[in-house]
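A.B. asks: Generate coordinates for the entire structure from the input sequences, incorporating the hints supplied.
Chain order of the listed sequences is A and B.
Going by this note's numbering, 104 is the number at position 98 of the first sequence; the sequence numbering is gapless.
Going by this note's numbering, 374 is the number at position 368 of the second sequence; the sequence numbering is gapless.
It is possible that part of the hints are untrue.
Note: identical chains are not told apart, hence a pair may lie in one copy or across any two.
Straight-line C-alpha distance at most 20 Å; calculated EDC-like pairs for lysine to aspartate or glutamate [as the list claims (entries may be wrong)]:
#, residue 1, residue 2
1, K39, D17
2, K39, E101
3, K39, D119
4, K39, E305
5, K43, D12
6, K299, E108
7, K39, D20
8, K91, E101
9, K309, D12
10, K91, D58
11, K83, D331
12, K91, E47
13, K350, D233
Because the hints were derived from the structure by calculation, they are not lab data.
Number of protein chains: 2
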Amino acid sequence: MVNAFDVSTTDALDPAIQAIVRRRARVLGPGYKLFYKTPLELVRGEGVYMYDAQGNRYLDAYNNVPSAGHCHPHVVKAVSDQMAKLNTHTRYAAEPILDYSERLLATFPAEMDNVMFTCTGSEAVDLALRISRFYTQGTGVIVTANAYHGLTTAAAEISPQLGANVPVGQHVWTVAAPQPDRTDGVDPGEAFAAGVAEAIADMQRHGVGFAAFIADSLFSTDGILPDPAGFLQPTVNVVHAAGGLYIADEVQPGFARTGDTMWGFQRHGIVPDIAVMGKPMGNGMPIAGVVVKSAILDEFGTKVRYFNTFGGNSVSIAAAAAVLDVIENEGLQENSQKIGRYLKEELEQLASGSDNVSAVRGAGLYLAVDFVDEAGLPAADAASDVINGLRQRGVLIGGTGMYGNTLKIRPLLPFTHAHANEFLHAFDDTLAAMGRNRPASVAARGR
Amino acid sequence: MVNAFDVSTTDALDPAIQAIVRRRARVLGPGYKLFYKTPLELVRGEGVYMYDAQGNRYLDAYNNVPSAGHCHPHVVKAVSDQMAKLNTHTRYAAEPILDYSERLLATFPAEMDNVMFTCTGSEAVDLALRISRFYTQGTGVIVTANAYHGLTTAAAEISPQLGANVPVGQHVWTVAAPQPDRTDGVDPGEAFAAGVAEAIADMQRHGVGFAAFIADSLFSTDGILPDPAGFLQPTVNVVHAAGGLYIADEVQPGFARTGDTMWGFQRHGIVPDIAVMGKPMGNGMPIAGVVVKSAILDEFGTKVRYFNTFGGNSVSIAAAAAVLDVIENEGLQENSQKIGRYLKEELEQLASGSDNVSAVRGAGLYLAVDFVDEAGLPAADAASDVINGLRQRGVLIGGTGMYGNTLKIRPLLPFTHAHANEFLHAFDDTLAAMGRNRPASVAARGR
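C.D. replies: This is the structure in structure tokens:
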């Protein structure tokens, strides 16, 4: 796991954190990993900042659940009010869930006209698989080589990123991630679609019926691959020609993260059959969902009993509606586009002066910076040094990619220019301390 | 589905509810079912009551999520306070999750010493299956004939209650539910264990390695079968002798529901390898979990990356800790035992005077009443008439069982004698209106 704390270094930690690490091992077991070479104990959040137990402040350029801002007062009030009024399930009639559903569906193409609620993105992915397999009567699923789609048995089977100890399912085929910067003259969209077509043919040759292709619309775990916008249309065509469904995993790109559009797939101008969403949907409240064409859902919905006890409960819906309010009222999509563009331009300028940065990519407030060594090979150690160096300077980011050499920069959506500059300065300082090249333009910038 | 609203009768509903039913069909699709012949629109909850849009009051003898009482002020305050302070995930260090985990584990046998958090009971069941299959390297699972364990792909495969449109998995064997009232002199625990042993042998004969036996410790969907306490020990012995794991599904019986003990398996004096819990854990906040022997979890935890974004987040833990406070401070387990015994005795008295009630069962505040026709055959229509008759009289219960002829009575845990009498009077009135036999003892009782 990228940016994981190494438990073999526990003895070197301060006593307070050391005690927590040991208690975690004792009661939560070894499955619970911490971030950073020196784990953080956070006790408070407000806006784009979090605070540790000693009162130190951290600029949050990582967490994509509290996208509207930590402890956003509008969301806190909506949840607190609803908690005190009623929290029940969908087998009683209620209007708020319908009001919210209609608002949510209005952000989708017209033919994506039904929504079902779950509690987590994993449950949403799992439900999308169930719907797809029921509808197509196939079982085969195609994913990218380093995809991650969740933690249920079925979602983990389509998540090769989990590594050798979690086998990819026997009915799951993988394709290489898109190569947006290929230089051989081949259109990257056509090349990616050709890989999907080959996988479908191979799957069918093995007697496995094709159910669905699923991809994160930003390819977050494959290294964050947003461009060129539009490159997914040929894949949609290939999938539909083979009778399969296209599932857009919007758990990470959705809810205005990419700046250009509300949903990541919209940047590509495509219409998926199913979209799954989660993380920022309730700004921390466990709510997620599946938006699907009614033509595809109808028979499943009629014949299969599916009841999610907490899914779409009164409080989760109140949280989700408040999040939509904030996105609209505070112009978070436009802000993501504006601040994301600024950050990308500045990072590109920095990259042009550094031998260690091989690429900068991004859409809105979801940015990637690749690090390489002197031979041009992926440098996971350099990426790790930047992540931990920023943490020491009070800025939180993460890492990703097949080789772990890609910085994952996901500022909260209300980031201002001042927050962006705070990030850039810390970034610049970190590179300087590592002895990397510093472009003058960044080093000389004032706050 | 027992107690489902029949959408073909939509035209007969009042305009307000009719509009909601039509909107639901349009945006949520046909998968979303409502309860009752006339669905309820509920807008407020307080203690053991809920209120509809017209201000009518309903005594809640059904919902097992808000077990501590609707909108319990201690839980509402804990959630509201934590929402305003911080809501983040388990990859940062924090003490509250450890404080809660230690309290929770203290209610379990000593060897069940690790806990992992999920958001739903389904995710917990799914994780228990992943752990079991990893540990045993088998895939085969044994469940009872009308079991329900959840909605993920893997959980639905072990849920025959979902019916013919959701096939039981190929690696899943079913056994007949326990028959506690068999009269042939055979010990019901030995008889049930013999069925499990046969299933294991048949599974192995088919080349499928045995991973786990899983059962709701109250057999809720098999008709609610609590007695005789202790009958599960022979099954644990058979499962362990075959190298499999025993998973106790405590989503329904857990958290003091059965009155006698905190966990349903404790009534039977057994020690499972894994227990899964959910529904009432956060009194409506989506939190669930798996408690497991560290000896079983260790290798899975070390080798398999499992991160549940919302699982064990700051707010969910605050809710769960508040629920434990309420259970302890208000003596809800003792209350469940006391009021449950009173209700059972009164219902048994009623049954003895009725040809239509063939059995009354229960443990704590989880009670079952079976209805039969004049030939002694299961009478789902009579059960449905009681459920809907009670709803008209302002009391909420549900139905269950293989034949849908069993009333599912699950009062909120703070039920008092007065609430129990309110329930019994409405029950008596309902039977009277149906023209069933009324025992004088109930009819004559004052409030």
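A.B. asks: Next step is simple, just say for each hint if it's right about the structure.
C.D. replies: Okay, the hints, checked on the actual structure:
no. : hint           : in the structure
1   : K39 with D17   : within (16 Å within a copy, 55 Å between copies)
2   : K39 with E101  : between (41 Å within a copy, 15 Å between copies)
3   : K39 with D119  : between (39 Å within a copy, 18 Å between copies)
4   : K39 with E305  : between (41 Å within a copy, 14 Å between copies)
5   : K43 with D12   : within (7 Å within a copy, 58 Å between copies)
6   : K299 with E108 : within (14 Å within a copy, 45 Å between copies)
7   : K39 with D20   : within (18 Å within a copy, 54 Å between copies)
8   : K91 with E101  : within (14 Å within a copy, 30 Å between copies)
9   : K309 with D12  : between (48 Å within a copy, 14 Å between copies)
10  : K91 with D58   : between (33 Å within a copy, 12 Å between copies)
11  : K83 with D331  : within (13 Å within a copy, 24 Å between copies)
12  : K91 with E47   : between (33 Å within a copy, 14 Å between copies)
13  : K350 with D233 : within (13 Å within a copy, 66 Å between copies)
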